[in-house]
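A.B. asks: Residue strings, one per chain:
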Amino acid sequence: MAIPVLSVRELSVALRQDRDYTTVVDSISFDLYAGEVLALVGESGCGKTKTAEALLGLVPPSLGRVQSRRLTLGGTNLADLPEAALRRVRGRDLSMVFQEPLTALDPVFRAGQQLAAVFRRHRGLSRAQAREAAIDMLERVGFADAEHVLRSYPHELSGGMRQRVVIAMAMACRPQVLVADEPTTALDVTTQAQVLDQLTRLAGAAQTAILLITHDLGIVAQYCDRALVMEDGRIVEDAPVARLFAGPAHPYTAGLLAAARGVSS
Amino acid sequence: MAAVQRLWFRLRGDRAGMAGLVIVAVFALLALGVWFGLLGQEWAAANGGRWEPAGPQYWFGTNVLGQDIFERSLYSVRTAFEIGLVVALLSTALGAALGALAGWYSHGWIDASVLWLKGVLDSIPFYLFVAAVAFALQGQPWAMHVAMIATFWTGTGRLVRAEVMKLRTREFVLAAEAIGLPDLLILLRHVLPNTLPILLVQASIAFVAAIKTEVILSFLGLGVQHGVSWGLMLAESTQEVLAGHFNNFLAASLMLFALLLGFNLLADALQDAFDPRQATQ
Amino acid sequence: MSSALRTILNGLALILGVTFVSFLLMVWFGPDQTYTLIGKNATAQQIADVRHELGYDQPFLTRYAGFLADLATLDLGTSNASGERVSRMLARTVPVTLALMLPGFLLGNLLGIALGLAAARRRGQWSDRLISGLSVSGMSISFLIIIIALQVLLSTPYGLNLFPVRGWQVSDLPSYLHYVTVPTAALVLVTLGYNTRFYRAVFVEEYGRDHIRTARAFGASPAVIMWRHVLKNSLVPIITRFLFSIPLVVISGSLLIESYFGIPGVGKVTFEAITSGDQPVLKAVVALTAVAFVLIQLVADMLYRVVDPRVA
Numbered sequence: 000m001a002i003p004v005l006s007v008r009e010l011s012v013a014l015r016q017d018r019d020y021t022t023v024v025d026s027i028s029f030d031l032y033a034g035e036v037l038a039l040v041g042e043s044g045c046g047k048t049k050t051a052e053a054l055l056g057l058v059p060p061s062l063g064r065v066q067s068r069r070l071t072l073g074g075t076n077l078a079d080l081p082e083a084a085l086r087r088v089r090g091r092d093l094s095m096v097f098q099e100p101l102t103a104l105d106p107v108f109r110a111g112q113q114l115a116a117v118f119r120r121h122r123g124l125s126r127a128q129a130r131e132a133a134i135d136m137l138e139r140v141g142f143a144d145a146e147h148v149l150r151s152y153p154h155e156l157s158g159g160m161r162q163r164v165v166i167a168m169a170m171a172c173r174p175q176v177l178v179a180d181e182p183t184t185a186l187d188v189t190t191q192a193q194v195l196d197q198l199t200r201l202a203g204a205a206q207t208a209i210l211l212i213t214h215d216l217g218i219v220a221q222y223c224d225r226a227l228v229m230e231d232g233r234i235v236e237d238a239p240v241a242r243l244f245a246g247p248a249h250p251y252t253a254g255l256l257a258a259a260r261g262v263s264s
Numbered sequence: 000m001a002a003v004q005r006l007w008f009r010l011r012g013d014r015a016g017m018a019g020l021v022i023v024a025v026f027a028l029l030a031l032g033v034w035f036g037l038l039g040q041e042w043a044a045a046n047g048g049r050w051e052p053a054g055p056q057y058w059f060g061t062n063v064l065g066q067d068i069f070e071r072s073l074y075s076v077r078t079a080f081e082i083g084l085v086v087a088l089l090s091t092a093l094g095a096a097l098g099a100l101a102g103w104y105s106h107g108w109i110d111a112s113v114l115w116l117k118g119v120l121d122s123i124p125f126y127l128f129v130a131a132v133a134f135a136l137q138g139q140p141w142a143m144h145v146a147m148i149a150t151f152w153t154g155t156g157r158l159v160r161a162e163v164m165k166l167r168t169r170e171f172v173l174a175a176e177a178i179g180l181p182d183l184l185i186l187l188r189h190v191l192p193n194t195l196p197i198l199l200v201q202a203s204i205a206f207v208a209a210i211k212t213e214v215i216l217s218f219l220g221l222g223v224q225h226g227v228s229w230g231l232m233l234a235e236s237t238q239e240v241l242a243g244h245f246n247n248f249l250a251a252s253l254m255l256f257a258l259l260l261g262f263n264l265l266a267d268a269l270q271d272a273f274d275p276r277q278a279t280q
Numbered sequence: 000m001s002s003a004l005r006t007i008l009n010g011l012a013l014i015l016g017v018t019f020v021s022f023l024l025m026v027w028f029g030p031d032q033t034y035t036l037i038g039k040n041a042t043a044q045q046i047a048d049v050r051h052e053l054g055y056d057q058p059f060l061t062r063y064a065g066f067l068a069d070l071a072t073l074d075l076g077t078s079n080a081s082g083e084r085v086s087r088m089l090a091r092t093v094p095v096t097l098a099l100m101l102p103g104f105l106l107g108n109l110l111g112i113a114l115g116l117a118a119a120r121r122r123g124q125w126s127d128r129l130i131s132g133l134s135v136s137g138m139s140i141s142f143l144i145i146i147i148a149l150q151v152l153l154s155t156p157y158g159l160n161l162f163p164v165r166g167w168q169v170s171d172l173p174s175y176l177h178y179v180t181v182p183t184a185a186l187v188l189v190t191l192g193y194n195t196r197f198y199r200a201v202f203v204e205e206y207g208r209d210h211i212r213t214a215r216a217f218g219a220s221p222a223v224i225m226w227r228h229v230l231k232n233s234l235v236p237i238i239t240r241f242l243f244s245i246p247l248v249v250i251s252g253s254l255l256i257e258s259y260f261g262i263p264g265v266g267k268v269t270f271e272a273i274t275s276g277d278q279p280v281l282k283a284v285v286a287l288t289a290v291a292f293v294l295i296q297l298v299a300d301m302l303y304r305v306v307d308p309r310v311a
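Protein chains in written order, with numbering that gives the first Met the number 0: chain A, 0 to 264; chain B, 0 to 280; chain C, 0 to 311.
These aren't lab readings, by the way, just hints derived from the structure by calculation. The beta carbon of each residue, even a glycine, is placed where N, CA and C say it ideally should be. Keep in mind that the hints are not guaranteed to be accurate.
[To be verified] Heads up, incomplete: computed chain A residues facing chain C, CB under 10 angstroms, no partners named:
#1 Leu62
#2 Gln66
#3 Gly246
[Unchecked claim] To list a few chain C residues with every Cβ distance to chain A over 10 angstroms, as calculated:
#4 Thr61
#5 Leu133
#6 Ala200
#7 Val290
[To be verified] Okay, the calculated bits of chain A under chain C, using three or more residues with CB under 8 angstroms as the criterion:
#8 91-105
#9 116-127
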C-alpha cells in the first residue's frame with residue numbers, strides 16, 4: 000500500500016460571524032498519493048475553498064478556527080508547525096493556484112519579478128539565477144516569448160496568461176502537493192483546456208500530486224484519477240473516477256451527475 | 000420600512016454605537032430642556048464674584064464677569080444643536096438634491112456644472128471662504144450657517160451622485176421609466192429613499208463638523224453673535240488659562256468632547272450597520 | 000485629448016471658478032475702503048475721486064476682468080493697509096508659513112500612515128481597537144481645545160513652561176525649534192485622528208485583496224507583505240490624501256495657528272486682509288491658492304504615473 004504524500008484526518012473549519020462560529024468544513028478526512036490527480040467536487044459554498052485555504056494555513060484566527068487531528072505532508076504534521084516554518088513550506092512543498100487569475104498577481108510588480116521572488120525565497124538563488132530560472136519556468140508553462148512575459152505587468156497579460164504565470168510560480172520548486180482551486184472557472188473554454196493540459200503535464204513530470212477543486216464534472220472525467228465529493232462541508236463519496244461515473248454510491252453524487260448530464264444533453 | 004428595522008437590529012449589537020446614541024440622546028434632551036425654558040436660563044446673569052471656584056452654588060464656578068459657567072455650558076448645548084441641526088439637515092438636503100441631479104443626468108451639462116461647482120468650493124480653503132462669507136453677510140446671524148451649508152454639501156453630493164449613478168441602471172428604475180413616470184418623481188420616490196443610509200451618516204458627520212467649525216469661528220469673532228456657545232466660552236478662556244483659571248475651559252471642553260464623541264461613535268456605528276463588509280470586527 | 004492637456008483645461012476652469020467666487024466674496028461684497036483712506040470729513044468730490052481710484056464706480060464685469068488681468072500679469076500691487084508691496088509681503092510671509100506648517104503636516108501624515116498600518120495589520124485585535132478608539136477620540140476634540148491645552152501644558156508655569164506662548168523670533172535652528180514645537184504638536188494632534196482613520200481604511204482594503212493572499216500562499220512573511228505589497232499598492236490613495244489635504248491643512252490651518260500664536264505668516268496676513276478689505280493682498284492670495292491647486296493636480300497626476308504601472 001502506497002504511503003500518501005498528504006494525509007488529512009478530521010479537518011474542520013469554522014468561520015466567525017460576530018460572536019458565533021459557523022462550521023463550513025465538518026471533520027473531513029482523505030489521503031492524496033504521489034503523482035495522482037484528486038478531484039474535490041461539489042457545489043459552490045460546500046466548503047471546498049476553505050478546505051484548500053486550511054491546508055495552507057491561510058485562515059487567520061480573526062476569520063475562523065481550524066482544527067484537525069492530523070494534517071501531514073510528507074511525514075510532517077503541518078498543524079504542529081510554527082508560522083515561520085509553515086512559511087517555508089508554502090510555495091516550496093505545498094503550493095496553491097487560485098480561482099481568480101485577474102486579481103491573483105500584484106499589479107505593481109512585473110510578472111517576472113513575482114516569479115523570480117519564489118525562486119529567491121525558497122531556493123536562495125541570486126537575482127541573475129532567479130531570472131534564468133524564471134525564464135525557463137515560463138517556457139515550461141508554454142509561453143513562446145518568455146522574455147516578454149517576464150517584463151510584462153499583470154494588466155498587460157490576459158487571464159489565461161496570468162493563470163499560467165501563477166502555475167509557474169506554484170510549480171517552481173517542484174512541490175509535493177499542488178492545490179488548484181477552480182483554476183480555470185474564470186477562463187473561456189479553449190483556454191481552460193490549454194491551462195489544464197499544461198498543469199497536469201508539469202505536475203506529472205515533477206511527480207507533484209494535485210488536489211483539483213472543481214464543480215465541473217467534465218474536467219473530473221478528463222483529468223482526474225480519483226474524486227472526493229463534498230456536500231455541506233462533509234465528504235460523502237471517495238472513489239476512483241471510473242467507478243464514480245459508472246455507479247455512484249451516494250445519492251448526492253448521483254444527483255450531481257444527473258444534473259451535469261441534463262445540462263450537456 | 001424593513002430596512003430600518005434591520006438597521007436598528009444591527010445597531011443594537013454595536014456597543015460603541017449604542018453608547019454614542021445614548022450620549023446624543025442625553026444631550027438632545029438637555030437642548031430641549033433649554034429650548035423650553037427649563038434649564039440654563041441664567042446663562043447671562045452675572046451674580047457671582049469673579050472666578051469663583053466650583054462649589055455647591057456654582058457647579059463649575061464663575062467666569063470673569065461672575066456668570067455661572069455651568070448655566071452657560073447648558074445653554075451652549077442648545078446653541079450647538081441649533082447650529083448642528085440646521086447645517087446638517089440643510090447641507091445634506093442640498094447635497095442630496097444636487098448629487099441626485101448630477102447622478103441622474105450624469106455626463107450631461109447638469110452633471111458637469113455640479114462637479115465644477117464642487118471642485119471650486121472644495122478648492123477654496125475653508126476658513127478663508129467662511130471668513131469671507133461671514134464678513135460679506137456681516138451682522139446677519141445666519142452668515143455662519145450659510146457659509147457652512149455652502150461648503151459642507153459637497154461631501155454628500157459626491158456620494159449621492161455615485162449612488163444614483165449606480166441605481167440608475169437597476170431594474171426597478173428602468174421599470175418606472177418604462178411605465179412613463181416623470182424623472183423627478185422617480186428620483187424622489189424611488190431613488191432617493193435608497194440613499195437614506197448615506198444621508199444619515201453624512202448628516203451626523205456634518206453635525207460634528209458644524210459644531211467644530213462654530214468653535215473656531217467664534218474664536219475668530221465670526222461665529223455666534225448672540226447668546227453663548229462653547230466656542231465663545233473657549234474664546235473667553237484663552238486669556239483666562241494663562242492666569243490659572245481653568246473652569247471655563249474645562250467645562251466647555253468636556254461637554255464639547257462628550258457630544259462630539261457621541262456623534263462620531265454613532266456615525267461609525269451607522270456606517271458599519273449599513274455596510275457589514277466594512278465592520279471593524 | 001491627452002491627459003495632461005485635460006488636466007490643464009480643468010485646472011483653468013477651476014481657477015476661473017475659484018477666482019470668481021473669491022472675487023465675489025472678498026472684493027465685491029468686501030468692505031468699502033473709501034472712508035478708511037480719507038477720513039470722515041471728505042468732500043463729495045474727494046470721495047468720488049478715491050472711489051474712482053479704487054475702482055468702485057466700475058461695473059462688475061469690468062472689475063472682474065481687471066482682477067483677472069492683474070492676476071495673469073502678476074501685478075500684485077501694493078497693500079492698501081500697510082503700503083508695502085504685496086509681492087514683498089508674500090516673499091516675507093510664505094516662507095514663514097511653510098516653515099511653520101510643514102513639519103506638523105508631514106509628521107501628522109507619517110504617523111497616521113504608521114498607526115493606520117499597525118492597526119490594519121492586526122485588524123480586530125486589541126491594538127487595532129485601541130488605535131481606532133484613539134482616532135475617534137482625536138476626531139472629537141476641537142483644534143482650539145488642543146491649542147489651548149498644549150499652551151497651558153507646555154508654555155505656562157502651570158505646566159512645563161518650556162516654550163513661548165506666542166511669537167516667532169527665529170534666527171537659527173535652536174530658536175526655530177523653540178517656536179515651532181507647540182504649533183507642530185497641535186497640528187499633529189488635530190490631524191492624527193483623521194489621518195489614522197483614513198489610512199487604516201486604505202490598508203485594510205489592501206490587505207483584503209487577492210494578490211496579498213497569493214503572496215501569503217507562496218510564503219511571504221508579514222514584513223514582506225506589509226512593506227513590499229501593501230504599502231506599494233496603497234501609494235495612490237496615500238499620494239491623493241497627502242497632496243489634496245495640503246490646502247485644507249496648510250492654508251486653513253495656518254490661518255488659525257498664526258492668529259493664535261501671533262506668527263506673521265500668510266494665514267494671519269490673509270485674515271487681516273479679509274477683515275479690513277485689503278484688496279491687493281486678497282487678489283494675491285487668491286492667485287496663489289488657485290495656482291497651488293492646479294500645481295497639486297499636476298504633481299499628483301505625475302506621481303500616479305510613476306507609482307502605478309496601470310496609469311497610462
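A.B. asks: Would you check whether the claim that C:Leu133 is not at the interface survives, using Cβ distances to chain A and the 10 angstroms cut-off?
C.D. replies: Fine: 20 angstroms to the nearest Cβ keeps C:Leu133 off the interface.
A.B. asks: Answer holds if the nearest beta-carbon of chain C is closer than 10 angstroms to that of A:Leu62; otherwise answer violated.
C.D. replies: holds, 9 angstroms
A.B. asks: May I ask you to test the interface hint for A:Gln66 with respect to chain C, counting a Cβ-Cβ separation under 10 angstroms as satisfied?
C.D. replies: violated, 20 angstroms
A.B. asks: For the restraint on A:Gly246, tell me whether the closest CB of chain C is nearer than 10 angstroms.
C.D. replies: violated, 37 angstroms
A.B. asks: Would the non-interface assignment of C:Val290 survive a Cβ cutoff of 10 angstroms against chain A?
C.D. replies: Non-interface label on C:Val290 holds, nearest chain A Cβ at 32 angstroms vs cutoff 10 angstroms.
A.B. asks: Report holds or violated for chain C covering the stretch 91-105 of chain A, Cβ cut-off 8 angstroms, minimum 3 residues.
C.D. replies: holds (count 9)
A.B. asks: Grab the minimum beta-carbon distance between C:Ala200 and chain A and tell me whether it stays above 10 angstroms.
C.D. replies: Since the minimum Cβ distance to chain A is about 17 angstroms, C:Ala200 lies beyond 10 angstroms and the statement holds.
A.B. asks: So is the stretch 116-127 of chain A in contact with chain C by the C-beta rule, three or more residues under 8 angstroms, or is the coverage claim wrong?
C.D. replies: Contact hint for the stretch 116-127 of chain A vs chain C: holds, 4 residues under 8 angstroms.
A.B. asks: Does C:Thr61 sit more than 10 angstroms from chain A, CB to CB?
C.D. replies: holds, 53 angstroms
Against the hints set out earlier in the document, violations occur for numbers 2 and 3.
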